[in-house]
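Asker: Listed here are the chains, written in short residue letters.
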Amino acid sequence: MIILLIYVLLFIGAMIAYKFVSSFFRPSSDFTSLKTVTFGDESAVRANRAASIISIIAIFFIWSAFTGSSLIPSFLHAPGPFVGKANFTYEATLPSGDKDQGTVEAIVHPLSEKPETPSLGANAEDGFANDNIVTVGAWRSKLISSKTLIDSGVEAKITSVGGKSISPGETVNVGDIDVRMTSKGSLSVEPEKGWQMEAIWLPAPEAVVGRLIEISLHGYQNVTLFENLGWSLYRVILGFIAGCIVGIPLGYAMGLNDWFRGWFDPIVEFMRPVPPLALIPLIIIWFGIWETGKISLLFLAALWIMTIAARAGVSGVKISKVHAAYSLGASKRQIMSKVIVPNSLPEIFTGARVAMGVCWGTVVAAELVAAEKGAGKMIIAASKFQNTDIVIMGIILIGIIGYGIDILMRIAENWLVPWKGKG
Amino acid sequence: MSGLEIDNVSMRFELPDGGHVQALKNVSLDLKSGELLSVLGPSGCGKTTLLNIVAGFLAPTEGNIILNDKKVYGPGPERGMVFQQGALFEWMSVRKNVSFGPDMKGMPKKESDEIVDHLLDTVGLQDFKEKAVYELSGGMQQRVALARCLANDPDVILMDEPLGALDALTREKMQGLVLKLWKETGKTIILITHSVEEALLLGERLVVMAPRPGRIHKEYNLPFADLGVNADLREVKKHPDFSSKREEILTMIWDMEEEIMGRQE
Ligand SMILES: Nc1ncnc2c1ncn2[C@@H]1O[C@H](COP(=O)(O)OP(=O)(O)O)[C@@H](O)[C@H]1O
Ligand SMILES: [Mg+2]
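Residue numbers (our numbering), protein chains in the order written: chain A, 1 to 423; chain B, 424 to 688.
For the record, the hints were derived by calculation from the structure and aren't laboratory data.
Only a predicted model underlies this, so the values are computations on that prediction, with no experimental measurement involved.
Even for Gly, the Cβ is constructed at its ideal location relative to N, Cα and C.
Mixed in with the good hints there might be a few duds.
Unchecked claim - Label pairs and their computed distance ranges (CB to CB):
(1) A:R333 to B:G509: 19 to 25 Å
(2) A:M271 to B:G509: 46 to 52 Å
(3) A:N48 to B:E558: 56 to 62 Å
(4) B:K596 to A:R333: 51 to 57 Å
Said to hold, decoys possible - Which residues of chain A face chain B? A partial, calculated answer using Cβ under 10 Å:
(5) L238
(6) A242
(7) S315
(8) G316
(9) K318
(10) Y326
(11) L328
(12) Q334
(13) V339
(14) L345
(15) P418
(16) W419
Stated by the list, open to error - Capping the alpha-carbon separation at 30 Å, the derived lysine-lysine pairs in DSBU-like fashion look like this:
(17) A:K422 to B:K641
(18) A:K332 to B:K603
(19) B:K519 to A:K318
(20) B:K519 to B:K660
(21) A:K422 to B:K455
(22) B:K606 to B:K528
(23) A:K318 to B:K552
(24) A:K373 to A:K422
(25) B:K641 to A:K332
(26) A:K318 to B:K596
(27) A:K332 to B:K493
(28) B:K610 to A:K332
(29) B:K641 to B:K532
(30) B:K554 to B:K528
(31) A:K318 to B:K641
(32) A:K422 to B:K519
(33) A:K422 to B:K493
(34) B:K533 to B:K455
(35) B:K610 to B:K533
(36) B:K554 to A:K422
(37) B:K552 to B:K533
(38) A:K318 to B:K661
(39) A:K318 to B:K494
(40) B:K533 to B:K494
Using the sequences provided together with the hints, build the complete structure.
Answerer: Structure below.
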């Protein structure tokens, strides 16, 4: 909640600051900036690059502030968990009404340190309520049994903490720590957690980068990062190529022949809305969970997309082009290779981009289910050991690679089908 | 060569809802070799249908198309087409588009290059040889379409509103080009147009079609195409016969359209 609020404030604050700063510069006078009607004219709305940059910085800023990262100065950090010494007194009451007081000292240490348990001072204790010292890790809690606090054989109950009365189930705040009474009458010491996230929930950015370097050098569970990502990419490319080899000719056949169209229409239309992930259980039963299964799954994921793209490519041929080619003496085979194939390439490229994206998502999910190597396998294994930094690193890498694939496909498209959309 | 014969052609489209459209009824036309016929008529009177039948893309429900004493069954290289727009192959350069016909025949590159160079010179696109067709303006694209058609050396050229998508100025220039190409190559041409002026300027002979059912309404023999070959088209338009013919035909087509509107209400 607080994070969302800060995010919204950053959004508004940056916008106002940007407007203020940019008002000092002479406005540019290209065509779009001279348009007076911009609200509602979609073409007049250009992504503000400054906003994009600030947006990315804002995410890293919030991430750093709430993880106590060393990337930003510590006065920008969100309040961290309490660390240090704190103590509180408690009072125990006998059934007869006699009372005695004791003091508990809590030493709260960062999770990375492991202090030795200090021994109690030798100051003799007179009553039945004893003093105690406990060590607690930040974000953790420690239970002090009522038996250690109260002399054995004494029927006393703890009735107040820090001067405030307490009963089972209640919590009393004493300075930097909360003291909660359990249903059995023991005390649970819970230091203030602050607003920062524990590394196990969200590690600091530098921890993730550190992991990236470590894992790309030494690997994780004896598999290098390169191998993990390489295996995922290899599966995607294999499944995608298999999908193209079957799907494109099938799509052409459906676009050119009524029997093919009639025969495969119900199959394609039925399979198209089935998400590839829903096929995983069946694929496991049929092909097992290892390589064959995964590549069959990716093949199926790419197949329908490529079939439909090729079919759309054929039906998108302007009839006048086909007529013109026939009137210029082209044979059916020449119509196919000189008119239909080039004319359908833009559609096929669009399909290929979608298919690669779907395959990349599917392979990661399939590896989460079962794999020996792969990007998905790496993050699911890391999550079992609560190596959140590896999980986050993996997610970021998966995102970057998916984006990279799309950019490469777009470059290939511009290069191979420059006539796209110009017919 | 004995020319093109359109022999009593009728075309009836059966509609999916059980009805039918009589797009053409008993249309007969004879074209001498080297003749330029323009076809005029209100929208929906079956001009495109007629041209598609001559080209062989549609089989008529009745009648025959006979070219050089042979009956026509499907499309063929002896009947070239020029469409309104969008029929160029945008994945090929200008040169590749023009040499498409010769390439399909397997003509050696040297020969086809000669043809392409000559034709691009004729239509004034020599400097655009290696350009992609989508980089050209609409008028230039139609020049490419004309050159592509001529490169295949057809007996008959069928044009379906070839200048219909061009602006008025470009259109005038292109009309001159069409006349010039016709005179230089001596091809038989059927030119379909919406524009009365264009039909009068370019057609040696002009047929006006009437709708529902599509049929030939009136035929004219015109002197303007021959005049236009040697003179400025502007001058031809000043000819007193030209404006009287134009008024006559415009009135005719207006009446037809009015009749259609009346029947629909
Ligand atoms: N494939 C078709 N199916 C049904 N009706 C058609 C078809 N093609 C053309 N028509 C009808 O035939 C008539 C003539 O069409 P068309 O030849 O395109 O006219 P024009 O080119 O003179 O404008 C129109 O009424 C049109 O609706
Ligand atoms: Mg038409």
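Asker: Where does the structure disagree with the numbered hints, that is, which hint numbers, in rising order?
Answerer: Going through the list in order, the structure violates hints 2, 3, 4, 5, 6, 7, 8, 17, 18, 20, 21, 24, 25, 29, 31, 33, 34, 38 and 40 and respects the others.
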